[in-house]
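Could you put the whole structure together from the sequences, leaning on the hints where they help?
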Amino acid sequence: MSDKNTKNEKMEAIVSLAKRRGFIYQGSEVYGGLSGTWDYGPLGVALKRNIMNLWWKMFVEDREDVYGVDAAILMNQKVWKASGHVETFTDPLVEDLNTKQRFRADHLLKDAGFEVDGLSLDDMTTLIRENDVKSPNGNPLSDVRTFNMMFKTTVGPVEDETSVSYLRPETAQGIFTNYRNVVDSFYPDLPFGLAQQGKAFRNEISPRDFIFRSREFEQMEIEYFIDPANWEAEFNNWVVLVHEWTDALGLPAENVHELEVPEADRAHYSKRTIDFEFDFPIGREELLGLAYRGSFDLDNIQREAGKNMAYVVKGTNTKFIPHVIEPSFGVERTLMAVLSSAYTEDEVNGEKRVFLKLPEHLAPVKYAVSPLLKNKPELVAKAREVYAILKKKHGNVMWDDNGNIGKRYRRQDEIGTPYCVVIDFDTLEDNAVTIRQRDTTEQKRVAISEL
Numbered sequence: 016m017s018d019k020n021t022k023n024e025k026m027e028a029i030v031s032l033a034k035r036r037g038f039i040y041q042g043s044e045v046y047g048g049l050s051g052t053w054d055y056g057p058l059g060v061a062l063k064r065n066i067m068n069l070w071w072k073m074f075v076e077d078r079e080d081v082y083g084v085d086a087a088i089l090m091n092q093k094v095w096k097a098s099g100h101v102e103t104f105t106d107p108l109v110e111d112l113n114t115k116q117r118f119r120a121d122h123l124l125k126d127a128g129f130e131v132d133g134l135s136l137d138d139m140t141t142l143i144r145e146n147d148v149k150s151p152n153g154n155p156l157s158d159v160r161t162f163n164m165m166f167k168t169t170v171g172p173v174e175d176e177t178s179v180s181y182l183r184p185e186t187a188q189g190i191f192t193n194y195r196n197v198v199d200s201f202y203p204d205l206p207f208g209l210a211q212q213g214k215a216f217r218n219e220i221s222p223r224d225f226i227f228r229s230r231e232f233e234q235m236e237i238e239y240f241i242d243p244a245n246w247e248a249e250f251n252n253w254v255v256l257v258h259e260w261t262d263a264l265g266l267p268a269e270n271v272h273e274l275e276v277p278e279a280d281r282a283h284y285s286k287r288t289i290d291f292e293f294d295f296p297i298g299r300e301e302l303l304g305l306a307y308r309g310s311f312d313l314d315n316i317q318r319e320a321g322k323n324m325a326y327v328v329k330g331t332n333t334k335f336i337p338h339v340i341e342p343s344f345g346v347e348r349t350l351m352a353v354l355s356s357a358y359t360e361d362e363v364n365g366e367k368r369v370f371l372k373l374p375e376h377l378a379p380v381k382y383a384v385s386p387l388l389k390n391k392p393e394l395v396a397k398a399r400e401v402y403a404i405l406k407k408k409h410g411n412v413m414w415d416d417n418g419n420i421g422k423r424y425r426r427q428d429e430i431g432t433p434y435c436v437v438i439d440f441d442t443l444e445d446n447a448v449t450i451r452q453r454d455t456t457e458q459k460r461v462a463i464s465e466l
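FYI, in my numbering the residues of the sequence shown are 16 to 466.
Any given hint might turn out to be false.
Restricting the straight-line Cα-Cα distance to at most 30 Å, the calculated cross-link-like pairs of lysine-lysine (DSS-like) are [unchecked claim]:
| no. | residue 1 | residue 2 |
| --- | --- | --- |
| 1 | K286 | K96 |
| 2 | K389 | K72 |
| 3 | K96 | K334 |
| 4 | K372 | K389 |
Please keep in mind that the hints were generated in silico from the structure rather than gathered at the bench. On a predicted model such as this, the values are computed, not experimentally measured, just so you know.
Rendered as structure tokens:
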């Protein structure tokens with residue numbers, strides 16, 4: 016079996032487990048679904064929240080130089096005109112001439128084995144024509160053209176050009192528009208960062224690969240404002256911090272790769288960009304990005320809004336518009352990387368076992384508590400007592416008395432629960448419980464007072 020088939024099988028197994036065990040469902044599934052949207056079940060919400068809380072703790076709460084903000088999703092249309100999104104936030108679109116279905120031209124060419132980085136629309140059209148590249152339906156394709164990915168809407172009761180707005184395609188611009196507010200309120204020393212977590216929306220031509228590329232997603236972004244004279248040292252420091260983050264997620268270091276983006280493929284305002292890629296089951300793809308944006312965004316605001324964006328160094332007359340280093344993290348891609356790394360198959364007592372080897376601090380359920388037999392009131396009462404103790408202390412604790420103890424173990428293994436706590440008849444005598452560890456399946460007796 017080819018490596019590609021093996022990877023596809025693993026991806027299918029992860030998607031199946033995610034639905035079966037209540038991590039991720041297709042959006043609007045009961046009505047036939049909506050392409051590019053996903054709903055998170057009880058365990059998916061918990062895992063996502065754990066990832067986002069870990070990020071906030073590492074990059075905001077544990078630091079004294081990063082401040083949190085939460086900007087509105089709807090923003091003045093001038094924000095997106097000034098940033099260039101209205102004119103340039105586009106993907107290459109191509110159309111099936113028979114069915115009129117639309118696809119990403121660069122995706123079709125990559126799937127056909129062509130390198131497309133840096134190619135113009137005309138270059139892509141030429142590749143399609145010269146190599147007779149067809150649509151997934153086997154039909155001829157149109158010329159390649161641009162497609163703006165922003166969701167356009169109107170604000171208020173009157174629909175005209177002045178009421179136009181967009182669902183934000185990124186969280187970064189909400190940070191930049193609040194830069195002056197935070198400086199005026201807190202006057203932080205340089206360097207300092209503004210961090211935001213929140214929803215973003217992109218009208219993807221062809222969303223695909225589970226939650227990797229969707230139309231509604233969440234981002235975790237920091238704009239780190241610096242003295243341009245120190246940009247290289249600050250940038251290199253963020254490279255180190257990114258690796259600390261992937262380590263904290265439990266991602267194997269050998270599966271995380273730095274791609275130095277060449278000048279031809281960087282945004283015109285970027286002096287340096289690194290894409291951090293990860294070996295997903297779908298292949299090596301971008302997990303997060305780190306870019307040196309210069310003063311592009313604040314310059315835009317100063318020019319278009321007429322507001323002074325200069326920072327005055329405390330105790331001096333020195334003033335300049337800060338430059339920015341931007342680490343940008345996608346929540347869904349992070350979650351997909353965590354699930355991909357955690358998904359494990361082994362054999363226990365001659366039987367295949369599937370389990371999620373999640374780091375304890377990310378696991379949606381930390382402890383599962385069970386009475387050995389659910390039809391014995393004395394065991395159930397004692398188990399409920401232990402459950403209440405753990406629930407009060409840890410929160411993410413599950414009660415599980417469904418099926419025999421072996422089935423409970425397998426079910427908890429599949430959702431990544433690190434510890435199963437079982438109350439048996441000996442517990443009534445010695446006030447100790449059996450704790451079974453997920454990864455090793457080893458069991459040991461522990462006094463309830465030590466839990």
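Quick one: which hint numbers does this structure break? Sort them smallest to largest.
Hint 2 alone not satisfied by this model.
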